[in-house]
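Below, each chain spelled out in residue letters.
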Amino acid sequence: MPLDIPKDKWPGTVRQVSIGATSAEGGTRASKVVVGGETTMPFMHFEGLIPNQPVVALEIRDRCPDDWSPLLLETWKDVIDDPANWAKAAQEAGADLLQLVLSLTQRDGSPNKPEAAVASVKAVLAASGLPLIVFGPGQAELDNALLVAIAEANKGERLLLGICEDKNYRTIVATAMANGHVVDARTPMDVNLAKQLNILISDMGLPMDRIMMDPTTGALGYGIEYGYSVMERLRLAALQGDSMTQLPMLVTPGFEAWKTKESKVGQGVPEAWGDWLNRAINWETMTASALLESGADIIVLRHPESVKRVKVAIADLMSAPVAG
Amino acid sequence: MALSGIQIYKLLPQTNCKECGFPTCLAFAMKLAAKQVELAVCPYVSEESKIQLAESAAPPIRLVTLKSDGNEVKAGNEVVLYRHEKTFYNRPGIFVRLLDTEPVDAITAKVAAANAYIVNYVGIPLVVDGFAIEATSGDTATFLLAVKAVRSATKRPLVLISHQPTMIAEGLKGLNTGDVPLICGADSKNWEAMTELAKQYKAVLSISTDSLDEMADLTEKIKSKGVEDLVLDPQADTLGGLLALNTQIRRLALKKNFRPLGYPVIAFPNTQAAATQAIAKYAGFVVLEEFTPELVYPLLVLRQNIYTDPQKPIQVQPGVYEINNPKPESPVLVTTNFSITYFSVANEVEGSGLPAWLVVCDAEGMSVLTAWAAGKFDAERIAKSIKSFNIADKVSIKRVVLPGHVAVLSGELEEELSGWDIRVGPREAVDIPKFMKEAL
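In order, the protein sequences belong to chains A and B. Residues 184 to 507 (this note's numbering) make up the first sequence, in order. Residues 121 to 560 (this note's numbering) make up the second sequence, in order.
Only true hints are included.
Now the stretches of chain B that chain A is said to cover, found in silico as 3 or more residues with beta-carbon under 8 Å:
hint, segment
1, 405 to 416
2, 483 to 493
Simulated restraints on C-beta separations:
hint, chain 1, residue 1, chain 2, residue 2, range
3, B, Gln431, A, Asp250, 32 to 38 Å
4, B, Lys376, A, Asn351, 47 to 53 Å
5, B, Lys554, A, Asn351, 25 to 31 Å
Just so you know, the hints here were simulated from the structure itself, not pulled from any lab data. Using N, Cα and C, we set each Cβ at its ideal position, and we do this for glycine too.
Kindly generate the complete structure, drawing on both the sequences and the hints.
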């Protein structure tokens, strides 16, 4: 018997956000990334459109990070103290875009400075034609000082600048607005807080198609179910027509997975945890895979093998019979 | 899906005889819909209506149970598409597959290793649920030997994989009386013979077809032959295709109460992403191609996470936890009562070998950052915990360590807890041992 498959017809559509400007658009990027535009839940090709596939970013640093897993330090050891070389290596590893996270301090331990941060960004932009995400070190005052300088020095590049939080967003939004960039709006795993921050940012006058929503997530085993369900609920709200949640989502499973003990520690852990490197890569890949299923549009990772596997998974999820 | 009061009313005699104790048949129907009364109180309801009403009360996804020697693996009885709508109930069983072409010794050794596997996650011991044996040899005697080898190496439920009824018939002889295995499985060609075997051995039968249309036809045919404990094995070339099929099956069952597809689903993932999808998107049984701790561990953890009841965050009891026999001069550490947070912190402190008093505040089961953002983990609450648990009576050094994520609270906490030295610890639990050794 022919079945009558129930199909969801949603009134809402997720906005499209593009990151990176090519020379035709006033920037210097060789390519740009467009995410969002979904008219249905993740990968439900049989009832709606997924016009842009999720993309994978690799996280790089302006200098060798102090607190990364030894496995990552080993993987990137040849490039880890040079953001330009790291950017090239990340591009070769298959990243669709790059995320440069600025350090709190410079190599000598002194606080990071706008000139140094701008130089790092310029070096990365010169080394790779990929679109770029730039995150501050996560301290409001320093974030603002560094990001304003970067936004101004790279006017028109359409960088994705982060992070905007409810306690600190005005300066970053203002400079993004003035210099043609996009912002990352981060809230701690809560539907209403996410919506509220989007409202605050758009109230400043930044067009909604220049905001990426960053609902935060926990790693596998460390609260992923909260992030997972918040993402599903945000996407459902967007499709139901709630304009202030109709934004594509960025998540950082690389950051989350690689700070867990499972990924960070190889000695003195239970034997039942298995081989360290494979476990760590599985941890990152599976955290990322779960978030793809719950609606992630930009996935930021740290290990090249995870990038490979997640990209294969995305291609596999995108290939399915279309609406019949 | 349960019938509405009006739908039930149509199945009643509609005579308003009042013998059930309600003034009208409609009132009785409403009570039935609310499950506040039994149908048996109506003396005049027809046999036909009784059957229909009983069917409507059955769960939309049938509960299927594999059994062996007291071990059970259940799937089905799910009621939602998204876990936040209620919760996912029956954690999918994780099975490890063996091929009958492997030497018997190798099979025994592999099963023994996987069977002995146990991993602890937030105080919960997690294990592999069972084993699957696939007949790839083409030889019935070889298959039976393999089944017997697995059967003697584990007491957990088994899955027999072959589309040849002769092979399954032989393999079933290797099981113990009382075993309820899963036969995997039936298709449009072999279904009659497979159904007979399932009936004879009281086994659960999985079904694979080229399309959901055919699958719905086949489950009905098999059901009419008397086998109702079925499992669906949808076939797709891609992860996206499989996601669509699994979603369609669950939607038909839940939204349309479509019985022919109201059964749990089995998955055979061959990548980490596919295994993740199987857990997140509706598989009731998951068969892994091989057993490796570094994949099984994250998969078991993911299953715990996805199947956590979102209404009830996993919490530990607020209070003072004594780790490594603390003495009056040992440090006081503070954290929240979210169980993942608690276990991360407690494990690290325990692993450091250093004694400490761990004060677990009632933060309504949220992690440090989430609780702080929600106003459930502030200076006032922390001070209240420290005071109400009478820590001051237990220690000689009044010094308390805050999680690094809430360093901003240290000023306020100093005001709330006069006479205490407030320290800021690391942000992540993994850095606690180093902090305790160097900074305390």
